[in-house]
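Peer 1: Using the sequences provided together with the hints, build the complete structure.
So the chains spell out like this:
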Amino acid sequence: MTRAAEPETGPSTATSGAAGKPFAASAGERARRLAGAAFAALVGLFLLAPVLVTIASSLTTTSYVTFPPKGLTLHWYAELLNRPEFLDSFLLSIGVAAGAAVVSTALGLAAGLAIHRYPFPGKSVLDRLFSSAFAVPTIVLGIGLLQWYAQLGMASSPLTLLLAHLVLTVPYTVRLVLAGLAGLDRSAELAAAGLGAKAPRVFWHVTLPAVRGPLIAGAFFALITSFDDLTIALFVVTTDMQTLPVRIFNYLQYNYDPTVTAVGTVMVLFAAVAVVIIERVVGVAHLFGADPED
Amino acid sequence: MTAGTDTVGDKSAPTGTDTATRAGSTRGRLVLKGIHKALGGKEVVRGIDLTMEPGEFLTLLGPSGCGKSTTLNMVAGHLLPDSGVVEVDGRDITRLPANRRAMGMVFQSYALFPHMTVAENIAFGLRMRKVGAALRRRRAAEALELVGLDGMGERYPRQLSGGQRQRTALARALIVEPDLLLLDEPFSNLDAQLRVRLREEVAALQRRVGTTTILVTHDQDEALAVSDRIAVMAEGTIHQLDAPETVYLRPATDFVAQFVGEVNVLDGIAAGAAADGHRCRIGDSHLVTATPVGTAPGDGEAVRLYVRPEAVRVLAVPGKGRPASAATPDPASTSTRTAAEPGLPGTVEATRFLGTRVRCVVATAAGRVEATLPFGSAVPGLGEEVFCAWRPQHASLTARP
Amino acid sequence: MAATARVAHGPALTPDGPTPAPGVSRPVKERGPWRTGLLLASPAIAVLALLFIAPLFMLVYNSFRTQAGDPTLHNYTRFLGDSFYRDVLWHTLWIGALTTLGCLVVGYPFAVYLRGRSPRARNYLSLVLLSPLLISMVTRAYGWLVLLGPKGPIADGFHAVGLDAPKMLYNDTAVVVGMVHVMLAYMVLPLMGSLDRIDPALTPAAKGLGASGWTCFWRITVPLSLPGMLAGSLIVFSLTVSSFVTPAILGGPTVKLMPYFVYTEATSNLNWPYAAAIGFVLIVVTTVLTAVYARLLRGRGGKEVFA
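The listed protein sequences correspond, in order, to chains S, W and P.
Sequential numbering from 19 applies to the first sequence in the working numbering.
Sequential numbering from 3 applies to the second sequence in the working numbering.
Sequential numbering from 362 applies to the third sequence in the working numbering.
Since the hints were made in silico from the structure, they are not lab data.
Incorrect hints may appear among the rest.
[Unchecked claim] DSSO-like mimics (lysine-lysine), calculated; alpha carbons at most 27 Å apart, straight line:
| no. | chain 1 | residue 1 | chain 2 | residue 2 |
| --- | --- | --- | --- | --- |
| 1 | S | Lys88 | P | Lys512 |
| 2 | P | Lys528 | P | Lys512 |
| 3 | P | Lys528 | P | Lys617 |
| 4 | P | Lys617 | P | Lys512 |
| 5 | P | Lys528 | S | Lys88 |
[Stated by the list, open to error] Under 8 Å between C-beta atoms, here's a sample of chain W residues computed to sit facing chain P:
| no. | residue |
| --- | --- |
| 6 | Ala78 |
| 7 | Leu82 |
| 8 | Ala100 |
| 9 | Asn101 |
| 10 | Met107 |
| 11 | Phe109 |
| 12 | Pro116 |
| 13 | His117 |
| 14 | Val133 |
[Stated by the list, open to error] Derived contacts from chain W toward chain P, CB cut-off under 7 Å, selection only:
| no. | residue |
| --- | --- |
| 15 | His80 |
| 16 | Leu81 |
| 17 | Ser111 |
| 18 | Ala113 |
| 19 | Phe126 |
| 20 | Gly127 |
| 21 | Arg131 |
| 22 | Leu289 |
Beta carbons are placed, not taken as given, at the ideal position from N, Cα and C, and that holds for glycine.
Peer 2: Following this line, the structure appears as structure tokens:
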């Protein structure tokens, strides 16, 4: 670089014009930070508003839904108990969800171990299927399952619903288990084995603790996914066998009263418990592919 | 070869004075006055005062967390000091944002823009200064040539080796003809051999273009090898600011002595000035000579001496042990003690062969003294009685803390 | 478990051998591990094969049949030949595009904001971000019904300042708002991943070379977060065009999209082959569009970013 610089590139031009103007770093910085916080608060409000509104309007004393609620009452929750069809649906949903949680956790553990540890034909295809299955349109899957079940002559039952939900939940449990195993130092297992532990003991004392968090999180995620599913269920259920979301969806077509907000609130509370547990054991963000360093 | 063995020669005068004569070094005079900065509730820079002459190469040397990078970032404009003034060529730039300063900075990670070619990276600063495309291309080509990357302009950073990335970062920083060149641990991501080669290249380049340069590093070899002056920092303050030779041979504090290489620490009592330094009594009766750092201590004051192992000569005691230095190639290192020379008697406790050198441990009245004997020296035998001596200008003397 | 046992005993049997952990370092060639792997994976493979791949094949097969089961192309010619259904397709893609754009506009600044927060704050904000996905879509959509309704709080706000509230329910706006609400997390998480991978020294480096804050943002941050934008957009678009429940509740009778016709053909009209054909068209069009979008974005000098 020669010193005979073109005048416009000289550093004096770069700075001299501004030298007299003091840089109001702190004030500008504070304004920017405030704007950022305000924006984030708005986004947070946008994200939480529908739930807050649902919960609040379930407490209204009016016979129509309104926000903000007028007065405070638990009347609509009591009303729920007088509606056996909601209770039936709740029991059906929770039963199917619990089944889906248990089965997909077991399948996820087995498949996760297989993919992480053993070579077998088609392994990479399987891995890729598991990481892409969550992006498949559920509406298309629903109608596919409807026609496939009909082809097989399988009548609607809680079992067919549970099986359908496995497609939604197993990819997540597999991914969670794989993430847990990736964090497990294989040499810890070898060290345990080297110290004389037999294979089942190594599995129980070293391998399993490493994936315990992912398993619990996977189970609860499967539970709420199945419990909340509407799209698949719409194709698989019958009028005699309606899950809670289907029941609400159908009820909404003809009614507009706070009973639904009360049911919705119950479902939110249900999900909240699951979310707290997931957050405690692995962190919710991991379910949706956030970087593990977060 | 460490820089230390180099400097235990006779060219003991600081070389910082010749910087003013460097080509084109008329601007880039940096002054820091009373800089303080707290980060995360902890005061990491606690009063830095510093003046750099145009064209000077100064190194901020210290362990991690000593505030050296924070100081550099305040010079660059990425951090605002809590108090104090940053001046370049007499202009106060303390509150000037980074993009309106003219600082060329090379980051530890090089911070090359991965989505731009090498040429685009290098020309980025010119582009920000609205330089036309044709001129930009020409200047980028010149800059590439300057750092020895001719023809690599169309590559992307990920296609370069570590050394090439480093040179790209250097070219990108220099193309804007900055007031100062700021190097933030630029060699730490390179392997040992490349590190040595590149630091020589950077030093040579700096001498050629004459840009005032600050290097931040925790590597004392690096600091000694390339700097005109070194500021040794710890806990947010400068412990010593001197030419490399001075910092190495006459450390001002315990911290400097111990951070910059190995050192013998000897405690004694000041015993009056002499023509070649300051006399100092160690134990009951042994007199040694050293050069005081700062004000000379008064007689009888408790003092501390720092002597580098390379500066210690192990001398045979006349009439004892083997005959004096029959086959010694370097009489300066191992020879017989002359009668007038002060020195510290002791017994050889251990000798260790270190390849290019021999390490000799001598038990004296002031504790163990370690000496590094150059290759080919006669090695004293275990248990032999010897004298440890050094040139007064190779030992520093401070008031005992 | 046979293979696990062999691995476990490997080191014990050869304590002084040159390969200290033969079970790991040596690629296992015996057939045992194969069998163990397949055995462990088989239930999951069965789920995918019997409940995912088979139904999709069934769907494609049926779409080329008449209701009586004879081979035909009629379902496709009917769909593509009818301007009503073509409009439905355009409308669906339009809603998908609007939702993707909405997610980008809201999600990008949000991701940038999250990037600068402490891990703790990030965690809480991520939880808020993900909350719509964890709540029943019925509840969620119902909440919007109340919020956007003519007597809802937003309408009240308009009235309070003396304005007529615009119609906010049962139109495209309602659907897009509801969809952005659900899909935002799918946009923000990949964006955060992309932003986190950017060397934090790049912005100071650009500033030091004379770039202003805006220039840094447009020339450094935005190009380097393209992969996250791409991934987020693809997921949001694909999931939006195939959503059924939110458009069904918030769109009312005027916004009828592809999934709605899949549903009504299958359940009300009981024309399964036609429902299958609509579903398949949806998948094909989505796949082609996302591939084109990905190609365009990568082509735009983004090659190095995606490398």
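Peer 1: Okay, which hints does this one fail, numbers in order?
Peer 2: 7, 14, 16 and 22
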